[in-house]
Amino acid sequence: MSHLLRRHPTHSRRPRSRFASPSILWGGGIVLFFVLLALFAGPLTALTGNDPYSEHRSLLGPRSVPLGFGGGISPSHWFGVTPLRGVDLFSIIAYGTRVSLGIGLASTLISVVIGVAIGLIAGYFPGVTDAILSRTMDVFFGFPFLIFAIALSAIVPDSFPRPLLLILVLGFFGWPSIARLIRGQTLTLTHRGYTSAAQVMGASSTHILLNEIMPGLLPLLIVRLTLSIPGRIAAEASLSFLGVGINPPTPSWGRTISDAVAWALVDPMYLIFPGLALFLVTFGFNLLGDGLSDALDPKAVIRAEMTETAETSKTTATESSTRNSAPAVVQQGGNR
Amino acid sequence: MPSQTQALMKASTEDETWKGEHPIIRVDNLSVSFHSSPVTHNISLRLFPGRLTALVGESGSGKSVTSMALPRLDPPTARVSGSAVYQSAISHEHATAQTTKTDQQPHISSDSSKSSGSNTTHSSDQSSDSIDLLSPNAPVRTIRGGLIGTVFQEPMAVFDPLPTIGHQIEEALEFHTPGRSLSRAEKKQKVLDQLREVGLPDPQRIWASRPHELSGGQLQRAMIAMAIINRPRVLIADEPTTALDVTTQKGILALLTRLAHRRQLAILLITHDMGVVWESADYVYVMQHGRIVEQGPTRQLFEHPQQAYTRELLAAVPRLTIPATTPVTTSATIPVTASTEHASAHAHVSRETMAEKTESEKTSALVEVSHVSFTYPCHGLFHRSSRGSGPALTDISFRIDAGKTLALVGESGAGKTTLAQILSAQLHPQSGSVLINGQNIEHLKGSALRQARSHIGYVFQNSASALVPTRTVGWSIAEPLTIHTNLNSSAIRDRVTALMKDVGLNPALASRYPSQLSGGQQQRVGIARALALHPRLLIADEPTSSLDVTAQKRVLDLFHRLQNEYSYACLFITHDLGIVQEIADDVAVILHGTIMEQGPVDSVLAHPHADYTRTLLDASPHIGVLPQPPHTSHSSHASADDERE
Amino acid sequence: MRMFDYILRRLISSLLVILIIAVTLFLIFYMFPSNPAQLSCGKPCSPEQLRRVSAFMGTDQPWYAQLGAYLLGIFAGRTFGTGASAVVCAAPCLGYSFRLNEPVTTLIAERFPVTASIAVGAAVLWIIIGVGTGVLAAVKRNTWVDRLLMALSAIGISSPSYLIGLLAIIVFAFELPVFPSGGYVPFSRNPAGWFSHLLLPWLVLALINAASYTRITRTQMIGEMEQDYIRTERSKGAPESVVVGRHALRNALLPVMTMFGLDLGSLLGGAVLTERVFSMQGLGMLLLDSVTNLDLQVLVGSTLFAAALVIVANLVVDICYSFLDPRVTVGR
Amino acid sequence: GSRTSQTGIGASPSSSPNTSASATPMKGGTLTVLTSQSSLSLDPATSQSLPTTTTGLVHRRLTTWKISHGKTTVVPDLATTTGTPSDHGAVWTFHLKKGLRFSNGKPITSQDVKWGIERSFSDTFTGGLSYHKQLLAGAANYHGPFSGQQLNSIETPNDSTIIFHLNSPFGAWPWVASLISFAPVPRGDGTQKSYGNHPVTSGPYQVQSNSPGRELVLTRNPYWKASTDSVRKAYPNRIVYRMGQDDTVAAQQIMQGVNGGDTSILGEFVPPAQLAQAQANPQYSQLLVTSGDGALEYIAINTRHIRNLAVRQAILWATDRAGYRTAAGGAIAGNYATTLITPGIAGRQKYDLYHVPTGGDPARARAILKRAHVTVPTLKMVIQQNKTEQASAIQSSLKKAGINVRIQVLDSGVYSDTVTNNQGNYDLTIASWQPDFPDAYANLAPLFSSSMIGNGNQNMSRYSNRAVDALMTQATQTVDQKAAGKLWAQADQRIMHDIPVVPLIYSHNTFIHGSRVAGFDIGNFPAYPDYLTMGLTRD
Ligand SMILES: Nc1ncnc2c1ncn2[C@@H]1O[C@H](COP(=O)(O)OP(=O)(O)OP(=O)(O)O)[C@@H](O)[C@H]1O
Ligand SMILES: Nc1ncnc2c1ncn2[C@@H]1O[C@H](COP(=O)(O)OP(=O)(O)OP(=O)(O)O)[C@@H](O)[C@H]1O
Ligand SMILES: [Mg+2]
Ligand SMILES: [Mg+2]
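Chains as they are written, first to last, in our numbering: chain W, 30 to 365; chain V, 103 to 747; chain G, 250 to 581; chain S, 3 to 541.
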């Protein structure tokens with residue numbers, strides 16, 4: 030129903046142009062690049078005959094530091110090898126994309142779904158519902174996430190896949206902050222005229238939440254989301270730093286970065302490559318988020334159209350016949 | 103240069119009442135376009151100090167867009183071309199001396215030379231005091247608020263929701279007071295005085311209130327107060343009285359005229375109410391389709407309308423036709439044009455319905471309100487601004503039968519909107535009951551409530567904020583259909599197109615966002631949405647306040663037609679007694695939250711019992727017997743006119 | 250009085266929240282593979298000895314009994330052991346650390362100033378930096394200023410705090426030694442030292458946190474700048490600084506404030522990574538050490554304290570919200 | 003010495019005496035000890051500290067260790083001799099020196115020593131070294147002195163004489179008497195648990211201020227007399243402990259000499275990255291001091307889970323020790339290990355039962371498994387955070403032999419609990435062990451005695467062999483150290499036949515000290531620097 034009027038002739042070209050802003054293209058491109066990297070980590074690393082597990086001890090010096098330029102960069106080891114064990118760093122990063130991106134996306138998804146749902150409900154239904162949900166958020170806030178993570182890593186059987194555990198932990202502890210933000214915004218949006226209008230129309234709460242309130246939350250939510258994904262990847266890194274991240278040998282950016290920090294002065298490339306990957310992904314998501322929230326903001330659409338109409342005035346001319354085919358409006362004054 | 107001066111003289115010498123004065127604002131060839139499609143074409147206007155210039159025209163013709171270009175308050179997407187020059191009134195003598203001859207030809211913008219705009223600033227004798235308003239170097243901050251005060255069309259959204267009204271007005275004062283010359287108390291006092299001047303009854307409370315705690319009319323007056331507090335030279339008032347009841351409207355108009363005279367203020371009054379134009383404007387420009395189609399001194403224009411559109415405008419005004427028995431002397435004035443027939447036909451209908459009513463008295467009413475009282479709770483933990491405000495409604499009772507319309511008229515802030523909100527279960531009364539279709543709506547919950555509400559159409563007073571800003575207006579009109587019907591999308595689209603045509607909107611506008619529409623267009627979107635489901639009860643809160651007479655007529659006809667077709671009950675909130683007479687069967691007059699009197703329209707208007715009703719009737723702008731010398735029609739202001747400062 | 254009622258109601262429900270957290274913590278510990286007493290049994294440890302230690306520490310009791318004793322202790326105080334060597338923990342007893350030999354309340358009292366110094370200073374910085382850059386980016390939308398700020402904030406967001414922290418130490422404490430590399434000097438002992446030791450952690454935390462504030466502020470500002478009231482402000486002749494600073498910003502700050510309250514609240518409960526990297530013994534390190542050493546009572550005590558801070562922060566945020574946004578009523 | 007090697011306050015004999023700065027320390031100055039630990043107990047009853055590290059600075063004992071020219075010997079401390087055995091070594095008598103005083107000025111008597119030992123039996127005070135608790139007669143049901151009971155197996159006939167009655171003869175008692183529990187506590191004092199935060203001291207330093215987990219400041223004890231003490235040099239005027247330090251930052255700080263790093267030492271091993279960094283820089287490498295063969299690092303195989311000897315053999319053969327060592331930082335990490343008793347312990351016999359190549363022999367491992375017709379399920383290896391790389395190296399070497407290993411990294415507390423509790427829910431773990439005193443008893447018994455399984459004890463292989471138990475008991479009771487040594491060596495080889503562990507390396511601990519720190523020496527035992535002889539040089 031929401032796309033009802035999008036199919037109107039004048040709209041036929043909007044979806045393409047609206048979502049074709051440079052931010053979306055660049056951001057989407059970067060994100061896509063990493064998604065592809067994750068998917069094709071196998072074939073890609075196979076090009077040089079590497080995998081993220083094999084040790085290349087011959088490439089290490091007597092102090093277990095990679096020999097050669099830039100941490101052992103060579104045609105067969107594009108990013109060099111790691112100190113101590115001489116594992117191919119490119120393979121680690123390529124395979125690590127799976128874990129890191131997976132954790133970032135999946136846990137964010139969980140948090141956002143729970144957080145938005147609970148935030149909306151708490152903000153929209155005052156009184157008991159709000160009180161109960163808000164206090165639940167308090168419990169989660171008050172509960173040290175780290176402690177929980179550490180405890181869980183001890184309690185949960187090790188046969189339970191660690192990445193999944195991290196996704197769940199990060200997901201279930203990440204929602205309250207989203208929920209609270211959403212709740213606050215919902216409180217404000219509930220008092221907007223158009224929300225009352227929908228209520229008076231007899232719209233169900235679901236309808237109002239989805240159609241009146243959600244769109245108003247979107248810009249904030251998208252920003253929060255794009256902040257969240259890299260935040261989760263970083264959180265995985267922090268957990269690794271404290272020793273409760275992904276278990277070896279599964280490669281992950283977080284663990285690699287946390288291991289590499291100490292080597293910053295000895296083998297800087299060990300830190301720079303995964304750090305750069307993390308930064309690029311963050312940057313990509315942020316660009317994408319900025320672009321998306323612009324694309325979803327009607328005022329921005331209007332602005333975009335402005336420049337666009339100038340460019341595509343020809344197409345508009347041909348379309349105007351279609352537009353006019355809609356029965357002309359009656360009574361614009363009688364004498365034209 | 104020469105052509106410029108000529109154009110200027112042409113404009114300024116059209117009528118002897120201008121006394122050869124020099125325009126304070128000259129607009130030439132102003133065109134505004136949105137994404138390279140123009141909405142106004144070569145508009146030329148003159149504003150004179152001490153004069154009230156009216157800009158009338160159909161909804162969406164570009165009135166707001168044109169006027170907002172002067173203080174450069176157009177949306178950023180607007181492209182403005184042409185010229186607009188401000189010239190201080192000091193050096194007017196020269197121009198006055200040159201005024202020699204009267205040009206009776208309407209000054210159509212397309213006549214004037216293209217080059218005029220750029221030259222104005224270099225006019226030799228006034229260069230020091232003239233400001234090119236559209237130049238990028240124009241001192242916008244001095245212009246806005248200081249030279250040009252602005253009253254916006256939609257009063258509900260114009261205030262920052264967080265600070266108090268008093269604070270926001272004080273701030274306007276600060277921007278144009280050099281240094282810190284005013285103490286806090288002084289500022290507050292000034293603001294309170296100004297609030298009182300615009301006719302707000304309890305300035306202290308208004309001062310301390312937040313925007314959401316005020317009624318539409320209260321906000322509108324606060325806006326006016328804010329616009330004039332710095333004594334600007336020019337005031338642009340975009341439909342400043344739409345949310346006001348007639349008495350207040352009259353007061354505001356009187357105030358504006360007084361200000362114009364006293365302070366030598368040039369006022370550009372945008373309105374669709376020809377009655378208002380007649381009563382207060384000195385000069386009128388008529389706009390249609392983005393062009394000025396006709397202009398002239400008020401009387402002349404009313405007496406000899408040249409353009410068909412102008413005539414139509416004049417004809418379509420719903421006139422207050424008061425039966426002979428009324429004590430009001432102006433009652434006999436019957437419009438010049440053909441609406442007599444219609445009005446009497448309608449009167450007939452009302453009489454019929456009255457007869458039916460007595461028969462059906464025992465059948466249950468569609469709406470039955472008994473002994474409803476409501477007081478706004480004190481909001482927030484810290485905000486005690488509503489302290490001292492008494493109950494918004496006290497002991498309200500009335501009924502509306504199916505197929506009948508009850509008009510609710512009353513002072514601004516009387517509690518009309520509050521009552522409408524109670525009827526639609528947005529607010530719950532502290533006492534009393536509201537039965538709709540026999541159900542106590544207050545006790546309904548969940549799907550029962552939603553079901554009940556699907557039979558209620560509600561036109562919001564603040565049409566702009568009642569539309570989702572992130573959705574196209576087509577979506578908004580379709581919303582009730584998507585909620586309550588299973589129509590497929592093409593059926594819905596057809597329905598939306600039909601509805602838009604019904605209310606006089608070009609269906610092509612369906613793909614626009616609310617912010618891209620004019621005030622009247624937004625309002626009609628709201629009406630179309632309310633009618634989408636053929637409600638059994640229609641609550642319309644000042645649904646035509648922003649509409650020009652043609653559009654208004656169209657909407658009222660639509661209401662009639664649909665009511666005949668679906669025989670819904672209607673609560674119609676308005677302040678226009680003319681509309682009341684045209685559309686309503688019964689009328690309730692509300693003051694300070696209490697119904698002063700109610701009954702069939704004709705009998706109430708003919709035999710008003712309550713003093714307030716009488717005041718209302720007196721205050722209603724009547725287009726008196728035409729032609730009428732302007733001096734007599736303005737006699738009430740005459741004394742004020744003399745007190746020039 | 251509404252205010253008072255509301256706060257009272259919130260405080261009562263907060264007690265429930267605290268209780269739930271305490272129960273959960275005890276439950277989690279109960280699920281641990283075995284007895285924390287093992288760690289303080291000594292080397293070598295006989296079963297008999299282990300039993301005694303367990304009895305002394307109370308870990309031989311079922312979890313609910315331990316929890317009950319713990320909760321009771323908060324109000325009535327507790328005594329561990331008997332006779333001359335009994336450990337008395339006066340009410341409000343949040344537990345006793347058998348590892349550090351101090352009541353948890355004492356530990357918290359010692360550590361809180363450290364964490365508070367870090368948190369408050371960083372918070373002040375990041376709210377200024379974050380909101381400032383956010384407003385700037387919004388005002389300069391789509392210019393290179395905006396892009397630069399967005400890129401910088403992307404770096405901030407994508408950097409784990411320990412990474413930035415360690416790199417900052419390497420650069421500012423070692424390569425060009427202008428700041429101390431870590432540690433905490435109490436303000437009372439040496440204000441200048443306090444400041445210089447805290448500057449680096451403040452900056453690091455502030456930069457990282459500011460990044461998300463930049464973004465949120467920017468988005469909100471852009472939204473507000475398109476509202477109708479902005480036009481009204483301009484029509485009054487308001488200088489752009491007032492339009493942006495006084496009106497748009499105030500409206501835009503509402504969600505920012507929600508976030509800020511929470512962030513500050515939880516940071517006051519311990520800035521684990523920052524404290525660790527900068528070797529500052531605040532609540533975060535206390536908490537971390539207590540997990541690492543299975544020091545249950547310290548863990549519960551400091552968690553409850555942190556939780557209380559968060560709850561208070563939430564309450565303050567909610568009250569502020571109703572104060573700042575008159576349309577919202579908290580006591581509904 | 004300990005379960006996990008990083009107690010920083012721990013204990014080995016080896017080849018080269020590792021002396022750093024040749025300059026002799028001066029008297030005075032403030033020495034800073036940076037440590038990542040979050041607690042430091044100075045309570046004689048609860049500490050597990052070595053005599054040559056922190057507690058050695060504040061507490062004297064009956065005997066203590068002297069490290070000179072790389073040799074570690076037990077020497078008299080408070081006592082005049084290292085103890086006189088009688089009754090075949092089941093009774094030991096000590097006499098106190100004259101003129102000994104506590105930091106509060108009171109004279110130190112034999113009752114104070116007795117009180118200190120008795121205190122360690124109290125239920126309140128647990129967590130210390132408990133070797134004496136199993137050895138002293140009649141101690142099983144003793145609950146400490148606070149309820150008025152005395153431990154009768156400790157006699158104090160006069161103020162300067164103290165006599166110990168043991169369950170059975172115990173030859174290494176002089177070493178036991180050097181442990182922290184034998185430090186005096188003023189009689190009647192120290193009833194409170196927090197005593198360890200501000201103890202009355204007998205060594206050259208006393209506690210000036212102590213905020214647990216954060217900072218400890220030691221200043222001179224005016225009542226300590228150098229004339230009564232042959233070991234402690236007491237150079238610095240003040241010693242400050244900074245706890246909870248990030249070891250990477252601390253090592254860097256010391257290397258670069260910023261922020262007082264020049265007068266500081268790091269309480270832990272140098273982290274691998276900083277180790278590599280310092281080795282590469284001649285200026286920094288001077289600051290490093292590496293011990294000789296210290297703790298034994300090994301893979302403990304949970305013999306309760308992996309009962310099949312063939313599997314344990316396969317693991318032994320598959321293990322790539324060279325890979326392990328590389329992952330631990332290279333040659334500097336230590337020498338390859340084949341025996342269980344570490345070099346430098348009296349009686350150790352060097353042997354190599356299997357002659358596994360250092361890089362492992364996965365083919366042989368496969369062959370063993372094939373011959374035994376076993377398929378090995380995926381094995382669970384629990385490790386601590388700091389062993390991640392090494393564990394990964396082991397994992398990949400076992401994989402070559404077809405043995406899959408799943409690594410679980412655990413936080414230190416949880417790790418300790420997991421490997422020492424009664425369930426033993428793991429198959430493999432990487433551990434290292436440095437004895438608490440240089441005696442084969444402390445080397446083997448805690449790791450392989452069946453009484454040391456679970457309950458928080460260190461037999462992580464959960465190895466239980468009656469013959470070995472008997473052999474160890476016999477060795478323990480042998481007072482003649484030579485004869486005992488033979489028995490221990492026999493036990494060593496006997497255990498290795500069962501392969502409950504795979505010995506990896508004898509770790510070399512590398513420490514770092516500031517450029518102005520001198521006397522930072524590591525003897526053959528323990529593989530930790532001697533805090534008692536450290537001091538600052540003149541600028
Ligand atoms: N949310 C609120 N809180 C407190 N007072 C309110 C609130 N809303 C309205 N009021 C007050 O209640 C009174 C009635 O308001 P209402 O909106 O019903 O007036 P109205 O008759 O619709 O006026 P108008 O014609 O100006 O729209 C006014 O004095 C107004 O200031
Ligand atoms: N931001 C915008 N973008 C695109 N079109 C716009 C925008 N604002 C106004 N318009 C269009 O410009 C035309 C003139 O609008 P304007 O607001 O001036 O009308 P108006 O004469 O004030 O009408 P009303 O009496 O209904 O307020 C309308 O057709 C409107 O739809
Ligand atoms: Mg308009
Ligand atoms: Mg109203």
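Honestly, the hints are just simulated from the structure, not real lab data. Mixed in with the good hints there might be a few duds.
Derived DEER-like restraints, expressed as beta-carbon distance ranges [to be verified]:
#	chain 1	residue 1	chain 2	residue 2	range
1	V	SER139	G	ILE377	42 to 48 Å
2	W	HIS220	S	SER211	55 to 61 Å
3	G	ASP254	S	SER211	46 to 52 Å
Covered stretches of chain W, as calculated for chain S (at least 3 residues, CB under 8 Å) [unchecked claim]:
#	region
4	87 to 96
5	104 to 116
6	176 to 185
Which residues of chain G face chain S? A few of them, derived with a C-beta cut under 10 Å, are [as the list claims (entries may be wrong)]:
#	residue
7	GLU297
8	ALA314
9	ALA318
10	TYR411
Beta carbons: idealized from backbone N, C-alpha and C, even for Gly.
query: Which earlier hints turn out false for this structure, listed by number in ascending order?
result: The structure conflicts with hints 8 and 9, although it agrees with all the remaining ones.
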